[in-house]
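Listed here are the chains, written in short residue letters.
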Amino acid sequence: MKQIFVKPEKCMGCRSCEIGCAVQHSKDKNLFSAVLQSPPPMKRLFVEATHEIRMPIICRHCEDAPCINACISGCLYRDEKGFVRRRKERCIGCWSCIMVCPFGVITRDKEKHIAVKCDRCHKLDIPACVNACPTGALVLVDIDDMPKEKRLGLILAATKREV
Amino acid sequence: MEKSIDKATLSAIDNAEKAGIKTVWDRYAAQMPQCGFGETGLCCRHCMQGPCRISPFDDGPRTGVCGANSDIMVARGISRAVAAGTASHGGHAKHMAHTLLKSAIGEAPDYPIRDESKLKAVATRIGIKVDNRDIKEVAADVARKALDDFSEKESPLTWAATTVTKGRVDTFLKLGVVPTGIDSAISESMHRTTYGVDSDPVNILLGAIKCALADYAACHMATDIADVLFGTPAPVVTRANLGVLNKNAVNIALHGHNPLLSDIVVQVAGEKALNDKARAAGASEGINVVGVCCTGNEIMMRHKIPLATSSVSQETAILTGALDAMVVDYQCIMPSLSGIAECYHTQLITTMPIAKIPKAAHIEFHESNAKESARKIIEAAIEAFRKRDAGKVNIPDTSSTAFAGFSAEAIVSALSLVDKNDPLKPLIDNIVAGNIYGICLFAGCNTVKVTQDANYTAMVKELAKNNVLILATGCASGAFARHGFMTPDATEKYAGPGLKAVLTAVGQAAGLGGPLPLVLHMGSCVDNTRASDVAVAVAEKLGVDLNMLPVVASAPEPVTEKAVAIGTWAVAAGLPTHLGIVPPVLGSKVVTEVLTSAVKDLFGGYFIVETDPVEAAGKLLTVLGERRRGLGLSA
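Chains A and B supply the protein sequences, listed in that same order. Each position in the first sequence, counted from 1, maps to that position plus 74 in our numbering. Each position in the second sequence, counted from 1, maps to that position plus 471 in our numbering.
Bound conformation, chain B alone (with noise of 0.2 Å):
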């Protein structure tokens, strides 16, 4: 199998194998064969009686220890997988829920409020006066009614009530689904999944849904803060792919996930002051800041920082020799890093009391002084410059025009300009027209386990030309954008007819002088409830819920438990979803059947798994075209 499609990585991957450099694909090599246990979800790790496995060959054991099936271990391990990404979106929300609180009570001025409309459309969602009021007080009350979201309530969460549909209310309260708290939905799925609690492998999957609508609040709650705090993202034009390094300069890469580390280190990489030092230490052209992962695709959107690489070849942002910090917060960095920045002289630097590496340097980023923070993590980037050596510097030619920040207040002011009064119209009619077939969120990530890229660009080939509308967040946006998706251009080569006519007069209409990109950027991966808010202003304004909409949501490349998560509560929101690659639930084939159908008569939304990006697009397309029949269009 080929390791990427994107000519930038394989040459990333050529220096590290002459320099003898192991990388993630190495070491995936070396773990050849993982074990068909783990791949099928039958093993259970949960009590110190085990380890238990069960094979999936009907031999054997048909039980663990304390007597749980295949469907009871398959279960408990989905849910755990749900349960933990629900935390790391959780911990990322609730980060950036004490900081508004900080902001608004003046502990944090470095964190002004940025957008005063964004933060009065989200009090008023949920119920705070903001008429006569001074904007801190406004921000004050919402940060603690976010923070309240995390403990246990008598109501429902706040960020999950008021943002989905109607019916998604009614049928999650039906099914009892509703989370009370974010930590407490997460506190209970570790419970009723440890030793000797819940054992009806349906009930632990509904509690898993549960949990995912946490997940589901916390995104949300992430993506309005982050709003509220750094600006609602607006369209721009940037690069993406190891050619936006800069041999003339020193190279910052921000890897991560979370703005409020990104976000300050982009405001203070500016300065003049710091400017100059890094020219006086050699680097003509100053300093390059790029961003790699999802925290690359928040400050992609808001100050054009062009993005380096995403999750999977993160390494080979080091790999070019060119790199002289690489600066981390949490998630999806590879503990890796550090033995390969060794081989260089990168500096590596850990900025969160919670994620720690040794040998890399750590500068702890707190709310208090942030700008302080990342003028010292700057000086440090340019210490480490002055040690680069140019022998070993080879930064691929290759980078790609992308148009990022098309968050759903963009879109539909983009629309506006096509129907000033009723700017969801152009949409629908559309829609209804058959110009757009449906739409496709992609989401998720890079895997080693497949030819990077690959099921991203063909799959996203396939359903443009039959017209649907494609919307990225996340490392999916990262392979568009490699890969020049994000570009008008990429509308008139790939786009079917119809919807080349819909992005190209709006496009005009928004005064681009050409189409739409072909794919929407919408975001980093804790931003996919930009592309749900869209759907669930469509389905309201057509008086009809989410699981009734052609909309399908897409993770070819998936890896973490955050993606576990979210393409849970995409299921739970009525979306079919599909999968690259075969989750470890197939050692139970009622959790499969489960995921794969039953789930479907309860909230509308199922998994589809098909590891062949072609067939995943005629299936998907299959599913669109039903959709279109339920509400009565043409397919």
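Next comes chain A alone, as it looks inside the complex (with noise of 0.2 Å):
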């Protein structure tokens, strides 16, 4: 299973991520036509820093989701892919899902009075926010593969110090 890793060490805390979130989820997805939509595109992950660090917070799709787990409308549900996704329509505003998410990822449509989260760009091959990262902070890996390219990293980095 595919899953979108961030990499904070190559985050420069551009908002990019943000903006192709918002683009995807606007009406033409297109950014010029996105900017004159109202009520505007919302996103759905967050560049968070603090003085040391920087990097995009994104839904996790958690295997055992505390929102889907608090959802007592039905709402969240896992789609066929793995993904946590909304039936918007059943969606009734409790906020049990933003009280609940550990990443602080689900928000609340202020227009609309539902929550609102990543749907992990469930029609792309590759996730808006990966599409829009010009550094490769956020990157679209194999759950399995990331260990395997970490252990690798670990080789690299102690040959160096050896020369």
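No false leads were mixed into what you were given.
Taking lysine to any residue pairs in the SDA-like style, the calculated list, with each CA pair at most 25 Å apart, reads:
id : chain 1 : residue 1 : chain 2 : residue 2
1  : A       : K101      : B       : D529
2  : B       : K1060     : A       : D102
3  : B       : K565      : B       : D605
Hints listed in this document are in silico derivations from the structure and should not be mistaken for laboratory results. Since the model is a prediction, treat every value here as computed from it, not as a measurement.
Work from the hints to combine the two standalone chains into their complex.
Quick look at the structure:
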């Protein structure tokens, strides 16, 4: 299964992922018309920063998702690809999902009074945020490959030290 | 997206791909995705508390650290682009004015006064006496008055106040946008857009218009002095596109903007001794000078020098493997040229103290010994030719005939062959009768964001079909020249019946034996005031102001800050002005609304942003119709 992983050391804090996300969730999926759309489209991920580090915080589509467990109206569900998504018409605006999400990535549509969250761009091969990232801080990787890449990185670092 | 619709350019790109050389199109792809904040004008780096960004989607902070909101941020950004564009044209014009002065006082022997009647016309227009005076004295006075226009004066800019309609002067005075110095207008723009100065977006935009009017003055001055020193262009027939490179000659491309360099190199390139040297080095056909970008337009108009290519595709001249030297001055010179030249034998030569490129040879060009520097440049090209690798030579066999050199004077003189006593009358009569539905000036660049030349060629066909008289400058000229639109054949093929009849009548009277070309080449990108001079003359004859004429402008593929400055003064001059790409202003509703609508109530001109060329042509036709109805003409 492929997941969006974040490499904080590569994040410049440019927020291009936020813009890409909002545009993908706009009517025409085009920056210039999205800017003119009213109400404006909403982003589903958030670049947060301390003095030391900045990185996008994004829905993990948890395998045991607290938000699905807390959703009493049957709005949140897991789709056939494993993504945690909404049945918008079922949301009653109780905000239990916002309360329990460990990452703080579910927000509120103030016009429609429903919860808003990442849908992993389920219609796209590459999610809009990953596509928008100019530095490769957001990457779409196979969860099983990521640890291997890290292990190889360790070896490389160790070899370099010896040289 | 296709990179270009031009076969020769695509062939050169193919050479690059096969050789593993990266071009502007590869670098653009590598920049993807470009930053949405930048694209909408919503980032500010004007102080060190920043950089600040504002989301265009009403989330996150609504102001930068200082409190500037999206309207202020966008207005400041566009205003600084106008200032930079004005600085570019200002630098070009100032360089010309200094040279004219040196010419007058005997310090620039290679720059004699070539067009005394133009000098006298300019002098008379700006209030300098010409009767019974030595021409050099007149030239010195014109040059000093030109240089005066750069500093802060007590009075409006001479080159603006004496070249527009009375109505425009009144409008500019009323709105407080009359500049009193070119450099001081740039300086004021930088001041009011720095940390904590002008925070009223509309006032910032009016400041940008004031600066743009200084740009207009600089452009007009540059054109005037170029004509004085090198001659006012008259129609010539030459060729355009990469096929003008000659495998049997030492090929020298002149690239950049100012004829102070290119004209002299062209003059010297004809010298027998240098051509003998070239032949001795193995170039059986001697020296072949070609143009690139706008200095290419300058030498095309005055010396029939063929145009190899233009701005976005400048690298392709080197990619033919047959270019021995690329000689540059300033503006639109991609730093990438040195890396690409290194893949071949091509010698890149910089000439200006303010525009150097690492790894290029620098042969500095001075007014005092211009021809000597030009000879050195040509000798360097001959040396490079010796290292040419015949195996790498691949010149596309593509070029088109191009008629060039339709200065305002040349147009009036062609019209005077139809009506000797009242040259503008045939033009006005045909506009009134509807044979000419309106006039469109195409200006600006080629951009990597649009399939090269696609917007130009699509728009010109639509407009010409509907009897719109087409003028072109700068890299717009290059695009039309490459695709054969600057020929009588194009008139036969694309012009509507009314336009065809008019162009044929003038062409016959001018002894061409056929129509004038479909698109009239009015010069380089600094030469847009040649077109506005014609519009001003027509307006004054009709007794109306520019904002009532059925005249529009279009930059379908713009790139530079200079284009932003020109577009802004075109709007201030009263012209509806089309842009084929979205400028970085959509982040502010106020700025977007002012530039596309509210500014119309103040100046008559406004921006029309439309990325689809056929739709854009349709919108311009609608606007021309409105203007015609406003004058009580059929629409």
